[in-house]
Amino acid sequence: MQDRIQMLKNSMEKADYICNDKTAIVLFLAEALQKPILVEGPAGVGKTAIAQAFSRMKGIPLMRLQCYEGIDESKALYEWNYKRQLLHIQAAVNQDPRQVEEEIFSETFLLSRPLLNSIVVDTPTVLLIDEIDKVDFEFEALLLELLSEFQITIPELGTIKARHIPYVFLTSNASRELSEALKRRCLYLYLDFPSRDMEEQILLLKVPDLPEQLAGKVAGIIRRLRGVEMKKLPSIAESIDWAASLMWLGKDDVDVETLLQTLNTLVKHHEDLEKIERLLHIRQDLEFR
Amino acid sequence: MTVLHNLQGFFAELRREGVLITPSQATDCCQAVMQVDWEREEYFYSALFSTLIKDFAHQETFDQVFQRYFIPGKEHRHPEKENIAPVVYRPEDFIEQISISGGQMAMGNSLSQGGAAQSPGASKNPLDQDFSLDSLADIHKLEAVFPIIARRLAAKMVRKRKHNHMAMIDFRRTIRSSMSSGGVPIDLFTITKSREKPVILTLCDVSGSVMTFSCFSLALIASLERFFRKIDCFAFIDEIDEITRLLTSGNPLDLRTHVLKNAKVVGASGYTDYGMSFKSFHERYRRCLTHKTTVLIFGDARNNWFNDESWVLQEMKKNVRKIFWFNPEPERRWGVGDSRIYEYQKHCTRVFECSTLMSLEKAISQL
Numbered sequence: 102m103q104d105r106i107q108m109l110k111n112s113m114e115k116a117d118y119i120c121n122d123k124t125a126i127v128l129f130l131a132e133a134l135q136k137p138i139l140v141e142g143p144a145g146v147g148k149t150a151i152a153q154a155f156s157r158m159k160g161i162p163l164m165r166l167q168c169y170e171g172i173d174e175s176k177a178l179y180e181w182n183y184k185r186q187l188l189h190i191q192a193a194v195n196q197d198p199r200q201v202e203e204e205i206f207s208e209t210f211l212l213s214r215p216l217l218n219s220i221v222v223d224t225p226t227v228l229l230i231d232e233i234d235k236v237d238f239e240f241e242a243l244l245l246e247l248l249s250e251f252q253i254t255i256p257e258l259g260t261i262k263a264r265h266i267p268y269v270f271l272t273s274n275a276s277r278e279l280s281e282a283l284k285r286r287c288l289y290l291y292l293d294f295p296s297r298d299m300e301e302q303i304l305l306l307k308v309p310d311l312p313e314q315l316a317g318k319v320a321g322i323i324r325r326l327r328g329v330e331m332k333k334l335p336s337i338a339e340s341i342d343w344a345a346s347l348m349w350l351g352k353d354d355v356d357v358e359t360l361l362q363t364l365n366t367l368v369k370h371h372e373d374l375e376k377i378e379r380l381l382h383i384r385q386d387l388e389f390r
Numbered sequence: 003m004t005v006l007h008n009l010q011g012f013f014a015e016l017r018r019e020g021v022l023i024t025p026s027q028a029t030d031c032c033q034a035v036m037q038v039d040w041e042r043e044e045y046f047y048s049a050l051f052s053t054l055i056k057d058f059a060h061q062e063t064f065d066q067v068f069q070r071y072f073i074p075g076k077e078h079r080h081p082e083k084e085n086i087a088p089v090v091y092r093p094e095d096f097i098e099q100i101s102i103s104g105g106q107m108a109m110g111n112s113l114s115q116g117g118a119a120q121s122p123g124a125s126k127n128p129l130d131q132d133f134s135l136d137s138l139a140d141i142h143k144l145e146a147v148f149p150i151i152a153r154r155l156a157a158k159m160v161r162k163r164k165h166n167h168m169a170m171i172d173f174r175r176t177i178r179s180s181m182s183s184g185g186v187p188i189d190l191f192t193i194t195k196s197r198e199k200p201v202i203l204t205l206c207d208v209s210g211s212v213m214t215f216s217c218f219s220l221a222l223i224a225s226l227e228r229f230f231r232k233i234d235c236f237a238f239i240d241e242i243d244e245i246t247r248l249l250t251s252g253n254p255l256d257l258r259t260h261v262l263k264n265a266k267v268v269g270a271s272g273y274t275d276y277g278m279s280f281k282s283f284h285e286r287y288r289r290c291l292t293h294k295t296t297v298l299i300f301g302d303a304r305n306n307w308f309n310d311e312s313w314v315l316q317e318m319k320k321n322v323r324k325i326f327w328f329n330p331e332p333e334r335r336w337g338v339g340d341s342r343i344y345e346y347q348k349h350c351t352r353v354f355e356c357s358t359l360m361s362l363e364k365a366i367s368q369l
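Each protein sequence line maps, in turn, to chains A and B.
For what it's worth, my numbering labels the leading residue of the first sequence as 102, then goes sequentially.
For what it's worth, my numbering labels the leading residue of the second sequence as 3, then goes sequentially.
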């Protein structure tokens with residue numbers, strides 16, 4: 102058991118994703134119980150990346166549904182190709198109407214969208230439903246059948262069952278509360294900002310040739326910087342950018358001045374920027390207290 | 003003493019702490035526990051956490067109960083719970099007890115019963131509870147009702163939108179549905195402007211005199227958030243501050259403390275001052291108001307004899323769609339003492355008396 106968790110961690114690392122025990126266990130359980138994972142956490146902690154890495158690790162395709170306000174079933178599940186249906190009806194004037202009707206509601210005339218796609222393909226897939234909190238309350242209900250039974254019911258066609266049960270990841274920024282029904286069907290994974298050591302590992306993995314000592318420094322500073330109250334805390338992606346830019350600038354150490362020069366790769370909000378600059382000028386150290 | 007039994011006890015304990023655990027979650031949890039290595043605490047913890055908890059706000063509670071229940075030695079238990087012996091999980095017990103396939107139904111049943119039994123002597127319908135100070139302790143009971151109220155309200159608003167027949171024809175949908183009738187458009191579909199959710203701006207008095215009420219209104223606002231396009235929230239005592247980002251879902255009591263701690267709502271005097279708060283709102287945040295905005299004000303309008311500055315509302319009314327005031331005091335006490343509600347009422351679209359949760363819901367549904 103312990104070996105399997107460790108193995109999972111190692112293979113995720115090979116797919117460029119470093120995860121801790123907690124995350125690995127949830128991944129393991131999702132596979133064992135065949136349940137979707139609901140990933141929550143602040144912006145930029147690798148919620149989307151975990152699905153991408155998982156598909157790389159398994160070597161199977163990733164299908165992605167980017168959610169937005171106003172998305173509906175014709176964009177997420179399926180739609181009838183009504184133009185083709187019209188043409189077909191016109192072309193088949195002399196045929197038995199009942200047969201025509203049967204024909205136009207066959208799979209040939211069905212445009213499948215990401216969710217339907219993910220269950221009808223011949224290979225297993227990873228299905229990523231990104232930013233589920235952006236959708237309307239009503240749309241969530243559409244997902245329930247898919248998430249619990251891995252099937253989609255099309256009134257005219259019947260029920261389509263998944264050939265291979267996809268690995269499903271749902272990500273959410275918790276901008277609103279999701280319905281209980283949806284949550285109940287998923288395993289819950291909360292990704293927080295990584296620990297200092299983990300961030301150091303991530304930096305070393307993501308920025309090739311980064312000196313180990315610099316990675317440690319960067320991770321430490323970022324960690325403390327996240328303790329400051331800001332509108333938007335620097336994410337992992339931003340700390341990677343920062344480490345890379347430090348390396349390109351040829352720095353092997355970070356001081357107040359370097360940070361001031363490169364602060365705009367880390368802090369993207371005008372007010373936050375002013376605040377941090379003020380802190381740095383007054384304190385002249387990198388403790389952020 | 004078997005692990006299944008203990009897990010059930012653990013669920014019951016969580017439920018008592020207000021974490022909703024459904025039978026299906028419980029069965030998931032048991033299955034997850036079967037999959038992992040129980041010997042290691044962190045594996046066991048993760049298996050339970052990922053299947054039972056679906057909201058980060060519950061983590062703290064979960065941790066506490068987990069500590070109390072599964073980690074012997076560290077526990078700091080209440081005396082009345084003393085009869086539940088601490089448990090060290092032993093895999094052997096577990097296998098004896100569950101064969102997942104057969105045991106599920108029974109498990110589901112007993113678990114749901116456990117859930118039902120946990121509301122002892124709830125004689126009064128929580129919806130009718132008064133917003134008086136002594137009901138503060140009962141807030142937990144009401145917490146569960148908020149999402150329900152919010153959902154009901156949203157449903158009402160959606161229904162309103164659907165009855166709109168004066169809209170443009172949705173050509174694509176109409177043609178698509180006409181396919182089933184051989185190209186004859188039998189059903190007409192119209193473009194519903196379902197995306198037009200109202201923009202809401204709330205001003206909430208969080209002073210001590212309306213303590214319970216403000217807890218409720220804050221929690222209600224927080225749970226309403228998902229149904230509206232935009233909600234801006236402000237809180238005040240004698241100074242006003244924006245609190246939109248502070249309103250995360252959670253315990254209503256904590257919500258108010260959280261607001262008091264993190265927002266600058268107390269000014270020079272520290273006594274409720276509607277006039278001052280309105281004035282500084284006008285100075286600082288007036289630009290948030292648009293013709294689409296509906297303003298909701300929660301408070302008792304007890305102004306401690308300060309200037310009421312009702313011209314701010316007058317100004318506000320010119321710019322916004324509607325202003326509603328929710329007053330937790332019964333109507334007979336309006337205008338008595340330092341209550342300035344009648345002065346403010348002149349500039350409000352409507353003032354509602356909301357002394358119980360029921361009346362609050364009723365009032366909001368009339369918007």
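No lab work stands behind these hints: they were computed from the structure.
There's no promise every hint is true.
Below are the DSS-like pairs computed for lysine-lysine, each with C-alpha atoms no more than 25 Å apart in a straight line [stated by the list, open to error]:
| hint | chain 1 | residue 1 | chain 2 | residue 2 |
| --- | --- | --- | --- | --- |
| 1 | B | Lys263 | A | Lys235 |
| 2 | B | Lys324 | A | Lys333 |
| 3 | B | Lys324 | B | Lys281 |
| 4 | A | Lys176 | A | Lys235 |
| 5 | A | Lys176 | A | Lys110 |
| 6 | B | Lys263 | A | Lys332 |
Simulated restraints, written as ranges between beta carbons of each label pair [as the list claims (entries may be wrong)]:
| hint | chain 1 | residue 1 | chain 2 | residue 2 | range |
| --- | --- | --- | --- | --- | --- |
| 7 | B | Gly337 | A | Glu388 | 50 to 58 Å |
| 8 | A | Thr209 | B | Met360 | 49 to 57 Å |
| 9 | B | Lys320 | A | Gln302 | 34 to 42 Å |
| 10 | B | Glu345 | A | Ser296 | 50 to 58 Å |
| 11 | A | Glu281 | B | Gln66 | 33 to 41 Å |
| 12 | A | Gln135 | B | Asp172 | 34 to 42 Å |
| 13 | A | Asp117 | B | Asp65 | 30 to 38 Å |
| 14 | B | Gly20 | A | Glu208 | 44 to 52 Å |
| 15 | B | Glu244 | A | Glu208 | 37 to 45 Å |
| 16 | A | Glu375 | B | Lys320 | 28 to 36 Å |
| 17 | B | Met36 | A | His189 | 39 to 47 Å |
| 18 | B | Glu19 | A | Gly160 | 42 to 50 Å |
| 19 | B | Thr259 | A | Ser112 | 53 to 61 Å |
| 20 | A | Glu208 | B | Met360 | 46 to 54 Å |
Idealized CB from N, CA, C, for every residue including glycine.
So, going through the hints one by one against the coordinates:
1. B:Lys263 - A:Lys235: violated, 29 Å
2. B:Lys324 - A:Lys333: Roughly 33 Å between the alpha carbons, so the hint for lysine 324 of chain B and lysine 333 of chain A is violated.
3. B:Lys324 - B:Lys281: holds, 19 Å
4. A:Lys176 - A:Lys235: It holds: about 15 Å lies between the C-alpha atoms, which stays within 25 Å.
5. A:Lys176 - A:Lys110: violated, 35 Å
6. B:Lys263 - A:Lys332: Distance ~17 Å between lysine 263 of chain B and lysine 332 of chain A Cα, so the pair holds.
7. B:Gly337 - A:Glu388: 50 to 58 Å: holds, 56 Å
8. A:Thr209 - B:Met360: 49 to 57 Å: With a Cβ separation near 55 Å, threonine 209 of chain A and methionine 360 of chain B satisfy 49 to 57 Å, so the hint holds.
9. B:Lys320 - A:Gln302: 34 to 42 Å: violated, 59 Å
10. B:Glu345 - A:Ser296: 50 to 58 Å: holds, 56 Å
11. A:Glu281 - B:Gln66: 33 to 41 Å: Because 22 Å falls outside the window, the suggested range is violated.
12. A:Gln135 - B:Asp172: 34 to 42 Å: holds, 38 Å
13. A:Asp117 - B:Asp65: 30 to 38 Å: Once the Cβ atoms are compared, 31 Å apart, the range 30 to 38 Å for aspartate 65 of chain B and aspartate 117 of chain A holds.
14. B:Gly20 - A:Glu208: 44 to 52 Å: holds, 48 Å
15. B:Glu244 - A:Glu208: 37 to 45 Å: violated, 53 Å
16. A:Glu375 - B:Lys320: 28 to 36 Å: The hint (28 to 36 Å, Cβ to Cβ) holds, given that glutamate 375 of chain A and lysine 320 of chain B are roughly 35 Å apart.
17. B:Met36 - A:His189: 39 to 47 Å: violated, 52 Å
18. B:Glu19 - A:Gly160: 42 to 50 Å: holds, 43 Å
19. B:Thr259 - A:Ser112: 53 to 61 Å: At 45 Å between Cβs, range violated.
20. A:Glu208 - B:Met360: 46 to 54 Å: holds, 52 Å
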